[in-house]
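Enquirer: Dock chains W and L against chain G, hints included.
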Amino acid sequence: MNWLDTILQGVLLGGLYALFAAGLSLVFGIMRLVNLAHGDLIVLAAFLILVLVTALGLNPFVAAVIAMPLMFAIGWALQYFLLNRTLGKDILPPLLVTFGLSIVIQNGLLESFSADSRRVFAGSLESASVNLGPVTAGIMPLMTFFSAVAVIVCLNQLIYRTSVGRAFRATSDDPVTAGLMGIRPQRIFAMATGLAMVVVTIAALYLGTRANFDPTSGPARLIYAFEAVIIGGLGSLWGTLAGGIILGVAQTVGAAINPEWQILAGHLAFLAVLLFKPRGLFPRAVD
Amino acid sequence: MALLETTGLTASYGDFQALFGVDITVGIGETIAIIGANGAGKTTLMRSISGVLANAAGSILYRDEPIGALPAPDILARGIAMVPEGRKLFPSLSVEENLLIGRYGRKVDGPWTLDSIFALFPILKERRHNPSTALSGGQQQMVAIGRALMSNPEVLLCDEISLGLAPVVVRDIYAAFPRIRETGASIVIVEQDIAQALKVADRVYCMMEGRVTLSGAAADLSRDDIHKAYFGTEHHELA
Amino acid sequence: MTMAIPSFTVETRTKASPLTAIAVIALLLLAFAAPFIVSRGVIQDLFFILTMLVLAQNWNLLAGYAGLISIGQQAFVGFGAYTMFGAVILFGVDPVLAILIAGLFSVALAIPTAFFTFRLYGPYFAIGTWVVAEVVRLLLAQWKTLGGGTGTSLPRDATRDMMGVGMMRDLFGMKASQAGDALTYWLALILVVLTIGFIYRLLRSKQGLGLAAVRDNEQAARAVGVDARRMKTFVYLATAFMTGVAGALIYVQKARISPDAAFSVTDWTAYVIFIVVIGGIGTIEGPILGVIIFFLLQNLLADYGSWYLLMLGLLGIVIMLFAPRGLWGLFSDRTGIQLFPVRRVLKGGPLNLTHKGGPHG
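Residue numbers (the numbering used here), protein chains in the order written: chain G, 1 to 287; chain W, 1 to 239; chain L, 1 to 361.
Keep in mind that a hint or two might mislead.
[To be verified] Here are the computed lysine-lysine pairs in the DSS-like style, where the Cα-Cα straight-line distance is at most 30 Å:
1) L/K232 to L/K144
2) W/K199 to W/K88
3) G/K89 to L/K175
4) G/K89 to W/K88
5) G/K89 to L/K144
6) L/K232 to G/K277
Bear in mind the hints are in silico, worked out from the structure with no lab data behind them.
The following block holds chain G by itself, in its conformation from the complex (with noise of 0.2 Å):
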């Protein structure tokens, strides 16, 4: 009974870590970069729902709707004008370049909100639940699920369905050819980042309603993201899914077990599975 809820919880945070992982997996799939400040930017997107949430009196939803366009705009900017300089065969830049940019953004977080921590409150929903049989779930949690659900269904239609996703396979596959198509690669990039900025917003909706964070909260979001992406194996949107729930269950288990275990088994089953599987539990055949 207990056991069947624990688990139940971890499949439900793993909603929340395949939200962190999505975005840093589209962005890698398309152009082979890993940015380091992908969690800064999820607690940047957090901080920023929590202002309008605090200064207009917002619903936590509908101060997500709104800050969705501006994080795309961010992002877009931050690849097009700043990390597209770094692309290249030599994967020094980017991750130095990212890697300042994390600690760039987490002392200007710190600065502008000090290092307390803050909470978005999405009300009475917060300690809303239904009874499923056996077992009782809070509707945020299920909301999260499903909502990390919908993206990868929408990103998933979007790469394969549209002619912008076509743009962003055929420039992973070879910017120069994609050149003689009429694309932009710069351009493509800078959209795969604004599109992953608009996951990242969903998933600081859900980090920041369900638990407290603080300006120095992002590179532990960056390390469950890059967990969930190696676990479920590299290039699969629905394997970052999984991946997502291996770690949650991992940690509501170890949680179970000693609440000071809870993080740490998330990190053992990682370990785990690049033991047993180094190239993840779902890889794509070709890469």
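Expert: Coordinates of chains W and L only, in the frame set by chain G:
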């Protein structure tokens, strides 16, 4: 008069200069063949015109407008599409998707649609949902040509389309050229297969070591002239 | 191979190097004499500079030469420090000896770490090393004997009775705390000399050439018989040793440890990365210049708290974009001066060809 014209075109890869003042003209509806041995600069010429190679100097005029400094997407938007050397299909895209992406940067209505490409190369219709990597070399070349046609170009640049293909396959592909000509498009083909090129071309440019060594109407050029321009020596019987 | 032609000679020496050698020896003599000349505060500052320099040289060897971009070197700083604490507190080992043990334990940690993280593709390797550092931190936070999450201190008599302290008291008439600072300072100085000496020799050796080949083009290097994986593993283990030793030494001087401080990504990796990037990645001189600039900036801007880090981050980004070989790279390009020449120059022979290659090529 000329649709596309290069004057004194030079290009280099780092320290290596590949083109030394190349002048060619392409008229409306004309088919031009550019022949020459490996390393003659043919592909460099195509890459310079299509905007893939950025460091070309000299002038490239298209409808009397300089286009030499434009990047590839802007060249395509003006109506010059390229079939790149080595086909360069997108492995992540299916056959149909490879064709559709040819329209990405130039959505112009014209004779070429998915249906008319499938009519031109019926085998592609059967395999439309296959990954492009699952096709034979000849079929991949058909996709590459179809992909370029999807933008309904005014000039079609074809770089080494017979390279690595069996003669019978090359014949099948060249069989499509009269139909492409009928649409009124100008065609520039770069070929090492001289016989094939002479069959479809109105005019021929022969290149050697980055320079045009011979040009003229395909019908007027003798085998000796071509051989000399191609190899830089008098004609001797080929072994 | 061209090297087999007898009229060619391969040299790595430049005009500046004999002068450098004399200057370095003079500087070292002065540095060793420092505890008798300057105040304890200055010695503590110098200790900080030297230990950061060791960390920076090691990170530079990893990222700038072996192409292994780690953001998890705090794993070895923290693990080395905890090993030293464990050896001193649990087994009563002399702290100086415990520093060496810490180095060996760090290598022992690096073996499984390499086993896991080397499976990850380039950029993901970076995050993988970070995860390992987090795992080690969380595990050590469970170790109640060493204070768990809140940490613990070294027993007072452990550092007072440290190897050499008694002798220094008798010989130089120093107080125990003063002698302790002088001792850790000298150890740091020796560690710097050994680290730079090791890296310099490694880069000038055949293995160093292989390393440069691997960094420039791993597949081509493999094709001519360079075992890329072995070279990378060797470098990874060697830097784990030196980083672990440095971590232990830092915490002998601090004498108080906690998991959050010992595994701090800001203190032991972010600062180190900025030192290397600002000074010049892929050169031995870069980190030396970088650590001096870093120390000056820290003293100037320490009061500004997070503004200081924010500025350091921006500076790192700007340098990476506009001067990717750092300030030393700018200086070296303009003057041609190299203090530690590791670039190979082909001399003599029929043509006066300059063979551009080596780690700077």
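Enquirer: Run every hint past the structure and note whether it holds.
Expert: Hints, one by one, checked against the model:
Proximity of L/K232 to L/K144 is assessed by CA-CA distance (about 36 Å); at most 30 Å being required, the pair is judged violated. Of the pairs offered as hints, the one joining W/K199 and W/K88 holds, with about 26 Å between alpha carbons and a cut-off of 30 Å not exceeded. For the hint pairing G/K89 with L/K175, the CA-to-CA distance comes to about 56 Å; that exceeds 30 Å, so the pair is violated. Straight-line distance between C-alpha atoms of G/K89 and W/K88 comes to about 20 Å, which keeps the hinted pair within the 30 Å bound.
Between the alpha carbons of G/K89 and L/K144 the distance comes to roughly 47 Å, so the proposed pair goes past 30 Å and is violated. Taking the CA atoms of L/K232 and G/K277, the gap is near 22 Å; set against the 30 Å cutoff, the hint holds.
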